Amino acid sequence: MKYSYYPGCTLKNKAQDLDRYARLSAAALGFELEEIPEWQCCGGVYPLGTDEIATKLSSVRALNHAKEQGQDLITLCTACHHVLKRVNDDMKNNEDISTRANNYMQLDEPYKGETSVKHFLEVLRDEIGFDELKSKVVKPLEGKKIGAYYGCLVLRPGKILEFDDPENPKIMEDFIRALGGEPVIYPYRNECCGAYTSLKDGGISQERTKLIFDSSSGFGADMLITACPLCMYNLNKSEADSKVPVYYFTELLAEALGVKEGE
Amino acid sequence: MTKQEIEKNVELIREISGCDPYKCMRCGKCSGSCPSFNEMDIKPHQFASYIINGNVEELVSSKSLWKCLSCFACIERCPRNVEPGKLIDAARQLVERERGGDHLQAEDIPELLNEDVPQQLLVSAYRRYRR
Ligand code: SF4
Ligand code: SF4
Ligand code: SF4
Ligand code: SF4
Numbered sequence: 000m001k002y003s004y005y006p007g008c009t010l011k012n013k014a015q016d017l018d019r020y021a022r023l024s025a026a027a028l029g030f031e032l033e034e035i036p037e038w039q040c041c042g043g044v045y046p047l048g049t050d051e052i053a054t055k056l057s058s059v060r061a062l063n064h065a066k067e068q069g070q071d072l073i074t075l076c077t078a079c080h081h082v083l084k085r086v087n088d089d090m091k092n093n094e095d096i097s098t099r100a101n102n103y104m105q106l107d108e109p110y111k112g113e114t115s116v117k118h119f120l121e122v123l124r125d126e127i128g129f130d131e132l133k134s135k136v137v138k139p140l141e142g143k144k145i146g147a148y149y150g151c152l153v154l155r156p157g158k159i160l161e162f163d164d165p166e167n168p169k170i171m172e173d174f175i176r177a178l179g180g181e182p183v184i185y186p187y188r189n190e191c192c193g194a195y196t197s198l199k200d201g202g203i204s205q206e207r208t209k210l211i212f213d214s215s216s217g218f219g220a221d222m223l224i225t226a227c228p229l230c231m232y233n234l235n236k237s238e239a240d241s242k243v244p245v246y247y248f249t250e251l252l253a254e255a256l257g258v259k260e261g262e
Numbered sequence: 000m001t002k003q004e005i006e007k008n009v010e011l012i013r014e015i016s017g018c019d020p021y022k023c024m025r026c027g028k029c030s031g032s033c034p035s036f037n038e039m040d041i042k043p044h045q046f047a048s049y050i051i052n053g054n055v056e057e058l059v060s061s062k063s064l065w066k067c068l069s070c071f072a073c074i075e076r077c078p079r080n081v082e083p084g085k086l087i088d089a090a091r092q093l094v095e096r097e098r099g100g101d102h103l104q105a106e107d108i109p110e111l112l113n114e115d116v117p118q119q120l121l122v123s124a125y126r127r128y129r130r
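Protein sequence lines, in the order shown, are assigned to chains A and B.
Mapping of the first sequence onto numbering that gives the first Met the number 0: position 46 corresponds to residue 45, and the numbering continues sequentially without gaps.
Mapping of the second sequence onto numbering that gives the first Met the number 0: position 62 corresponds to residue 61, and the numbering continues sequentially without gaps.
Take these hints with a grain of salt, some might be off.
As the list claims (entries may be wrong) - Cross-link-like lysine-lysine pairs, in silico, DSSO-like; alpha carbons within 30 angstroms at most:
(1) A:K209 - A:K11
(2) A:K169 - A:K209
(3) B:K62 - A:K91
(4) A:K169 - A:K13
(5) B:K7 - A:K144
(6) A:K158 - B:K2
(7) A:K199 - B:K22
(8) A:K209 - B:K22
Keep in mind that the hints were calculated from the coordinates and are not lab data.
Predicted model only: the values in this text are computed from it and were never measured.
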């Protein structure tokens, strides 16, 4: 199976591990990530204004490219995922935005949200299946107590993202189980880490990440996993005493599949 | 602001956000969910009433504009679909769309950098703090 793949700017730079381990794991699981040629940065945050059109066009280009290839579009960065899924929803369901974006794009055939946007984790759950994944694991993460840190962008708004139950998600816990680890469920797993405020003022993210680490460590986690490079950054910069190591979920995946040292 | 300017800005906030502040029942669920509640001077459950009552000048000069994380917790949980996170984003845009209203200047970026800053952080802040 071949998917169109939108890596995003961070995975080409500071979050290369998130990308590299995903590609190695996909190969081991028998699917291929075909990078969209000349993709442009999605902007990292979804433009909330109903009159903001130009800032949504880089996403429309990527979505339309996948449509032309007849492929589903895969993302790894939760921010890219959020932006692409929401713009796709606009193109499908918001006539005003869709018309105005298509007026800019001047495509042979207007783009109407035909592409299906999937997070890498959704592919593991819905197309590969966690049972199948489990059967491919050669180095189970035995004895590891792992807290899933979802953050915000991959879950909310639940009606549009349709990724998992936004208040009680389980996809990452099921993923951890498939790899042979023990998931640790803790209250702050879907609470914000401080997001982009850490650029100008680290105060909020220090406060938030302390709550996240206190909560996850309190419930016994030895490590956290994330799919978001900004969460990774904010968590790593935390000065909390309860801090534990944080990994991209793809790193643990590649390790369990025995392909971590490949390439 | 003159009365006319206030009315125009109320209209603009409603247009940009696509939200109806009149549906707010002040249940406080948004403020109860907000990770930046302590940092905000005007709280999420008050956004709608500031707009309804025409207190736009106070709202656009509020520090809450720069404390909202766009985490969408209030948007997920608002039982009346008022979606206060969108209202505050629209208020922020009123400010940023004016000349000199940006909260982040390109010249400031070099000194905010460290070697770990992910690209995502830069573009996100750039998008949310300026237009
Ligand atoms: S979310 Fe990020 S990493 Fe992803 S392309 Fe967009 S900005 Fe860049
Ligand atoms: S940085 Fe963290 S809190 Fe933020 S978007 Fe990633 S998930 Fe949310
Ligand atoms: S959750 Fe919605 S209805 Fe309740 S106070 Fe907040 S904006 Fe108003
Ligand atoms: S989106 Fe903004 S106002 Fe709403 S809960 Fe998050 S930080 Fe608070």
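| task | Run the structure past the numbered hints and jot down the numbers of the failing ones, going up. | result | The structure breaks hints 3, 5, 6, 7, 8; every other hint is satisfied.
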